[in-house]
Amino acid sequence: MKGLSGALVRYRIMAWVTGILLAVMSVVFLPLKYVFGLTETGILSTIYAIGWQAHGWLYVLYVAAGVDISFRMRFSVGRTVAVLIAGTIPFASFFADHLVAKAVHARIAAE
Amino acid sequence: MAVSGSRFAALTVIAVVVSALCVAAGWWQWQRTQEALDLERASLAAPVAVTDAADVDGFPAISVGRSAYASGEYVDQQIFIGPRELTGRSGWWVLTPLQTDGATVVVLRGWVEDRGDAATTVPDGPVSVSGTLQPFETFYADRPRSPEGDLVVVSRPEIEAEWGVPVTSLLLVLDEQDPPTASGLLAVTPTVVTGDVPFPWQNAAYTVQWFVFAGFTWVMWWMWAIRDRRDVADADSLAT
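So the sequences go chain by chain: F and W. Counting in the working numbering, the first sequence runs from 1 upward without gaps. Counting in the working numbering, the second sequence runs from 1 upward without gaps.
Worth double-checking, as some hints may not be accurate.
Stated by the list, open to error - Distance windows between CB atoms, simulated:
{"#": "1", "chain 1": "W", "residue 1": "PRO198", "chain 2": "F", "residue 2": "VAL27", "range": "25 to 31 Å"}
{"#": "2", "chain 1": "W", "residue 1": "PRO198", "chain 2": "F", "residue 2": "VAL9", "range": "36 to 42 Å"}
{"#": "3", "chain 1": "W", "residue 1": "ARG143", "chain 2": "F", "residue 2": "VAL27", "range": "55 to 61 Å"}
{"#": "4", "chain 1": "W", "residue 1": "ARG7", "chain 2": "F", "residue 2": "ILE13", "range": "54 to 60 Å"}
{"#": "5", "chain 1": "W", "residue 1": "SER6", "chain 2": "F", "residue 2": "HIS105", "range": "31 to 37 Å"}
{"#": "6", "chain 1": "W", "residue 1": "VAL193", "chain 2": "F", "residue 2": "VAL24", "range": "37 to 43 Å"}
{"#": "7", "chain 1": "W", "residue 1": "ARG115", "chain 2": "F", "residue 2": "ILE47", "range": "27 to 33 Å"}
{"#": "8", "chain 1": "F", "residue 1": "ILE50", "chain 2": "W", "residue 2": "LEU37", "range": "17 to 23 Å"}
{"#": "9", "chain 1": "W", "residue 1": "ASP231", "chain 2": "F", "residue 2": "ALA23", "range": "34 to 40 Å"}
{"#": "10", "chain 1": "F", "residue 1": "ILE50", "chain 2": "W", "residue 2": "LEU21", "range": "23 to 29 Å"}
{"#": "11", "chain 1": "W", "residue 1": "TYR140", "chain 2": "F", "residue 2": "ILE43", "range": "33 to 39 Å"}
{"#": "12", "chain 1": "F", "residue 1": "ALA101", "chain 2": "W", "residue 2": "ALA239", "range": "19 to 25 Å"}
To be verified - Just so you have them, the derived chain W footprint on chain F, three or more residues with Cβ under 8 Å:
{"#": "13", "region": "55-64"}
{"#": "14", "region": "71-82"}
Stated by the list, open to error - Below, a list of computed lysine to any residue pairs in the SDA-like style, where the Cα atoms sit at most 25 Å apart:
{"#": "15", "chain 1": "F", "residue 1": "LYS102", "chain 2": "W", "residue 2": "PHE199"}
{"#": "16", "chain 1": "F", "residue 1": "LYS102", "chain 2": "W", "residue 2": "ARG227"}
{"#": "17", "chain 1": "F", "residue 1": "LYS33", "chain 2": "W", "residue 2": "LEU39"}
{"#": "18", "chain 1": "F", "residue 1": "LYS102", "chain 2": "W", "residue 2": "TRP224"}
{"#": "19", "chain 1": "F", "residue 1": "LYS33", "chain 2": "W", "residue 2": "PHE199"}
{"#": "20", "chain 1": "F", "residue 1": "LYS33", "chain 2": "W", "residue 2": "GLY149"}
{"#": "21", "chain 1": "F", "residue 1": "LYS102", "chain 2": "F", "residue 2": "ALA23"}
{"#": "22", "chain 1": "F", "residue 1": "LYS33", "chain 2": "W", "residue 2": "PRO60"}
{"#": "23", "chain 1": "F", "residue 1": "LYS33", "chain 2": "W", "residue 2": "ALA205"}
Calculated from the structure, these hints are not laboratory results. The beta carbon of each residue, even a glycine, is placed where N, CA and C say it ideally should be.
Isolated chain W (complex conformation):
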């Protein structure tokens, strides 16, 4: 039994060390998972140029909901989408094309109760705008217009048909504009708050696998300990 006892102690020490190393490695991979997520979230929190976040052909999923900026000149081809409610009042969303260097960006400049409001006048000259990127609306795509002929859906094909140009595949919900817009347009709150950051599956999987290996270590320890005890018992029974 003395030999078996020291072997048992050695096996136990090895199991403790190996499983501790596995747990440490698993914890390290979990930290890396968190760091990767934090880095992605931080880079998503920083504003990006609209033209870097999306183009005519499409956009990466992470661009949805991002803060973005653009500069250029508004084109006097405004579209009103509605009726749309804001704080219980019926009104219109004001969509204005912004001609930037090489792209036409749909800017949702704000909400207005009356389409004839002077506040809807398209600003002249160069502007810098910033806001939140949002997807176009695809619901009611088969009937985007009301019986009166008004556009009720922020439909990309309808807008492109009306303006005669392809537009960037995400629209910018205006937050700030320099020089500022005439008062009267109320800011629209973006509904799609943020896109998901890509999850670091590899680090997360390594986390799980390291913990599994820590478990395996103790399974092996247990199997060896049981076998040693049985071997000793067999030897004892043979000896008697």
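Bound conformation, chain F alone:
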């Protein structure tokens, strides 16, 4: 299918960028804020705020890329929603990326 590999590249980039940022924010910055209380002022508070805002906008792009690849792959409604939700759960987008890439490669190999 034309444009499928391009759509996969876009999706994989967004899955990794969004996934890494979400992982860093949850593993590093959530404890910094809620356990150690270090994000009230100063440079850490700025990074904390910018990090979450960046994740919000990157997730919008992730959803756009995820909708694109899901439709090209003719995923079911449930599977599409799972791909989209994966961008909001720490580390889930890495699994989603792996499964989507596997499905796309299988499709390309079959053709």
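With chain F held as given, fit chain W onto it using these hints.
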């Protein structure tokens, strides 16, 4: 077509529910944006101690234009800035250092037509003052004095040089003083009315993003509906 019809209905119901949830979440974030702004504005409306709002090193942007109070004693080292107009008359701004606990605050006590006016006499003893915080003037910084040697600009470096002490980085435009000033000084209206409160970008961004997701829901609904119709048409054409 019957299967496709019920699937279309299900997709539509899901799209309605999901997009309604997105809109509700977006509206909630918009409310939070407004609440954050209201809270910040309310806290800015409450008077603050001058020493909490600014110090010698600087001040947060929100301190500009805030109501503030201080107490201490005036120091008899008055500076006249001028000529300055008030309601069309030429006169002078009266700047007096207020020695508070640990800081020297520049108080703009008022306007007077004649520098020799008895009203300019620096009050003795402890006073409590309140007013509005204003920035120092930075224009004409290269020539802050008139040819006659009078200071024409409320210049922090010039004032510090004259008084020999570092002063708090915002000045207080006097509104009320206890005990009251002798009549004759006219109140100066602060020109910088208020600083901007920090805008809650995160909540505002979430608002936009939730509305975008509501839109995405209908894009997906539309794409699925089109595809289903096409699939049914293909199946029909194969059947014939």
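Outcome of the hint check:
no.: 1; hint: W:PRO198 - F:VAL27: 25 to 31 Å; verdict: 28 Å, holds
no.: 2; hint: W:PRO198 - F:VAL9: 36 to 42 Å; verdict: 39 Å, holds
no.: 3; hint: W:ARG143 - F:VAL27: 55 to 61 Å; verdict: 58 Å, holds
no.: 4; hint: W:ARG7 - F:ILE13: 54 to 60 Å; verdict: 33 Å, violated
no.: 5; hint: W:SER6 - F:HIS105: 31 to 37 Å; verdict: 34 Å, holds
no.: 6; hint: W:VAL193 - F:VAL24: 37 to 43 Å; verdict: 42 Å, holds
no.: 7; hint: W:ARG115 - F:ILE47: 27 to 33 Å; verdict: 53 Å, violated
no.: 8; hint: F:ILE50 - W:LEU37: 17 to 23 Å; verdict: 20 Å, holds
no.: 9; hint: W:ASP231 - F:ALA23: 34 to 40 Å; verdict: 38 Å, holds
no.: 10; hint: F:ILE50 - W:LEU21: 23 to 29 Å; verdict: 27 Å, holds
no.: 11; hint: W:TYR140 - F:ILE43: 33 to 39 Å; verdict: 36 Å, holds
no.: 12; hint: F:ALA101 - W:ALA239: 19 to 25 Å; verdict: 36 Å, violated
no.: 13; hint: 55-64; verdict: holds (count 6)
no.: 14; hint: 71-82; verdict: holds (count 4)
no.: 15; hint: F:LYS102 - W:PHE199; verdict: 44 Å, violated
no.: 16; hint: F:LYS102 - W:ARG227; verdict: 24 Å, holds
no.: 17; hint: F:LYS33 - W:LEU39; verdict: 22 Å, holds
no.: 18; hint: F:LYS102 - W:TRP224; verdict: 23 Å, holds
no.: 19; hint: F:LYS33 - W:PHE199; verdict: 21 Å, holds
no.: 20; hint: F:LYS33 - W:GLY149; verdict: 56 Å, violated
no.: 21; hint: F:LYS102 - F:ALA23; verdict: 23 Å, holds
no.: 22; hint: F:LYS33 - W:PRO60; verdict: 23 Å, holds
no.: 23; hint: F:LYS33 - W:ALA205; verdict: 21 Å, holds
Figure legend: structure checked against the earlier numbered hints; hints not met, in rising order: 4, 7, 12, 15, 20.
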